[in-house]
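So the chains spell out like this:
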Amino acid sequence: MNLVRFYLDNAREVAGLVGQHLVLVLVSTAIAVALGVPLGILLTRRPAWRGPVLGLANLFQTIPSLALFGFLIPLPILGGIGARTAIVALVVYALLPIVRNTYVGISGIDPAVREAARGMGMTDGELLRLVELPLSAGVILAGIRVATVVGVGTATIAAAIGAGGLGVYIFRGVAVVDNTLILAGAVPAALLALGADGLLGLLERRFVWR
Amino acid sequence: MALGGRADGRTGGRARRAATLLVGVALGCHGTDRIVVGAKNFTESDLLAEIAAQQIERRTGLTVERKLHLGGTFVCHSAITAGQIDLYVEYTGTAYTAVLKHAAGPSADSVRTAVTREYRERWGLAWLDPFGFNNTFAIAVRQADAERLGLHTISDLARVAPQWHAGFGYEFLNRADGFPGLAAAYGLRFAAPPTAMDLGLTYRALADGKIDVIAGNSTDGQLAALHLVALVDDRHYFPPYEAAPVVRGALLERHPEVGRALAELRGKIDDDEMRRLNAQADVEHKDLHAIARDWLARAVP
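Protein chains in written order, with my numbering: chain V, 79 to 288; chain P, 29 to 329.
None of these hints come from the bench; they were simulated from the model. Predicted model only: the values in this text are computed from it and were never measured. Careful: at least some of the hints might be erroneous.
DEER-style ranges, computed between Cβ atoms [to be verified]:
hint, chain 1, residue 1, chain 2, residue 2, range
1, P, V260, V, N136, 44 to 54 Å
2, P, A110, V, L277, 34 to 44 Å
3, P, P190, V, P212, 20 to 30 Å
4, V, N80, P, Q112, 21 to 31 Å
5, V, P142, P, D315, 12 to 22 Å
6, P, Q112, V, A145, 20 to 30 Å
7, P, E281, V, N80, 33 to 43 Å
8, V, A89, P, A219, 25 to 35 Å
9, V, I155, P, D315, 35 to 45 Å
In silico negatives: residues of chain V with every beta carbon more than 10 Å from chain P [unchecked claim]:
hint, residue
10, V92
11, G97
12, L100
13, A108
14, L117
15, L137
16, I155
17, V182
18, G186
19, M200
20, D202
21, A238
22, R250
23, R284
Covered by chain V, per the in silico footprint, the following chain P stretches (three or more residues, Cβ under 8 Å) [to be verified]:
hint, segment
24, 96-107
25, 234-247
The beta-carbon is built from N, C-alpha and C at its ideal position, and this holds for glycine as well.
Modelling step: build the complete structure from the supplied sequences, incorporating the hints.
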C-alpha cells in the first residue's frame, strides 16, 4: 500500500532508476558475452588454460563488491566513479557462467560428431560455426541466462559507486531504516530478473536443436 | 546393534544440546548474565564498543557479547529499542537531529540535556557521560586544493563549489542534519548534484581526484593519512556530536556496576586521542581488541 503510493509520488524517479538499471545490466552482459564466449571457445582449443582461466573467473566471483570498487577507483580507464566502474565490476561477476558454459557445452559434444565433420573435410572455423556452436547453443544460452538474472540482482551494488540504478532505493532505505524504500528498490529488481529469465528462456527454446 | 547404539548416543547428544540451547535462550530472555554491545558500521563505533565491552568485562566479570558493525544510526537505534542490543555508542547531535528529528540545536549542553530526557521518556534508554570528543561531519577537500585556493571554511568552499563535484554517503544525503540543510545554510551549489555512494569509498575517490568534496568524520584517522583537510563550519550548521554510551535502563537497574564501570571512561578521549586510536585501526591496521586493551591499560588503569 505504502509502496503503491511511493511509486505514484515518485514515478519519474522510479522510471529513471529502472532505466539506469536496465542499461547497466544490458551493457555489462553484452560485454561479458563478447568476452566470455570467445574465451570459452579458446579453452576448448587450449585445454591447458582451462584450470587457470576458470580458476581466475571463480576467484573474481568471491571478491566483495566494495573491495572491487576500492581497487577500481584509482585505475585510469576502467576506474573512477560512476556507471563505467559499475559495468566493469558487473562484467567481472558475469564472466564465470558464460565462460564455463561455453567450454562445457562445446567439450560435451560427442567426439564422433566432430570426427564425422572432420571426415567431411571441414576446417576448424567451419567445424565451430556449423557443428559446435549450434550443438552447444542451449548450454551457452543457459549460461548467459544465469549471468543476466544474477546480473539484475548484482547491479544494485552500482549504487555504492554513484552509478544509480534500483540499488539507490535499497542503499537509501538501509541508511534510514525505511522498509518501504528498500522494497521500492528490491521489488522491481526482482520483477526485472523474472522478466529477463522468461525472455531468455523463450530464446533458449527457439535456438536449441533437439 | 553397535550402529543403533551410536545413533541413540547421537540423539541423546542432540537432545542435550537442544536443552542447553533452550536454557541459553531462556537466560537470554531474562538477560541475567549476558550483555550485548552493538556498534555502527564504522571503525570508531566498533572501537568504542570494544573499549566499553572490555571495560565491563574487566570491572564486573559479566559476559559481554559483541555485535559490532551492525549498520547505520537507524539500524543500531532499532536494535536497542527492540532489545536486541543493550548498549552502543551514539553521538548527541545525531540522536538530536537524525533520531529525534529536531532542527539543529544551539549548544552542546542543551543538545545533551534534550537527548538524555527524551531517550529516557520515549524508550527507557540512558545516556551515560560522554567520552570527551566531538566527531562532527568533516566537509573535507584535498590538502593541495585547500592550499592552492586558500580554503579554510565551508563559506570559502561555497565560492569555488560551482566548478566542483561532491560525493556523499547515503546517510549524509538523507539526514535532517545532512546535505540539504548544509546546502541551504551556506548557499552551496556544485557543478552537478552530489554523487550518492558508499561512505568508505568517498575517501578513496576524493584522494584519487575523482570527486572534490566529501563529508567524512572529523575524528577519522584516514583524513590525515590521505592528505585531506576538513573545512571549518564557520556558520555553526552542525550540532555538537559528543560520543557517549547509550544503555538500556533495565540493564542499569539490574547491573548498576555496568554504569559505574563505564563512568570511568568519562572525558578520557579528546578529539586528537580519538583520531590517534582510529588511525591505529585504519592506517596501521592494528587489531581492534589489542588497541582497546592497550588503551584501557594506559588510560584507565
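Right, here's what the structure says about each hint:
1. V260(P) to N136(V): 44 to 54 Å: Given range 44 to 54 Å: holds, Cβ gap about 50 Å.
2. A110(P) to L277(V): 34 to 44 Å: The hint (34 to 44 Å, Cβ to Cβ) holds, given that A110(P) and L277(V) are roughly 42 Å apart.
3. P190(P) to P212(V): 20 to 30 Å: 58 Å, violated
4. N80(V) to Q112(P): 21 to 31 Å: Roughly 24 Å apart at Cβ, these two residues keep to the hinted range, so it holds.
5. P142(V) to D315(P): 12 to 22 Å: 20 Å, holds
6. Q112(P) to A145(V): 20 to 30 Å: For A145(V) against Q112(P), whose Cβ atoms are near 28 Å apart, the range 20 to 30 Å holds.
7. E281(P) to N80(V): 33 to 43 Å: 37 Å, holds
8. A89(V) to A219(P): 25 to 35 Å: 27 Å, holds
9. I155(V) to D315(P): 35 to 45 Å: 37 Å, holds
10. V92: 16 Å, holds
11. G97: Holds, since 17 Å exceeds 10 Å.
12. L100: Since the minimum Cβ distance to chain P is about 19 Å, L100(V) lies beyond 10 Å and the statement holds.
13. A108: 25 Å, holds
14. L117: Its Cβ never comes within 10 Å of chain P, the nearest being 29 Å, so this holds.
15. L137: 22 Å, holds
16. I155: 13 Å, holds
17. V182: 36 Å, holds
18. G186: 41 Å, holds
19. M200: 51 Å, holds
20. D202: At roughly 45 Å from the nearest Cβ of chain P, D202(V) sits farther out than 10 Å, so the non-interface label holds.
21. A238: 4 Å, violated
22. R250: 5 Å, violated
23. R284: 40 Å, holds
24. 96-107: holds (count 6)
25. 234-247: holds (count 3)
Going through the hint list in order, the structure does not satisfy hints 3, 21, 22.
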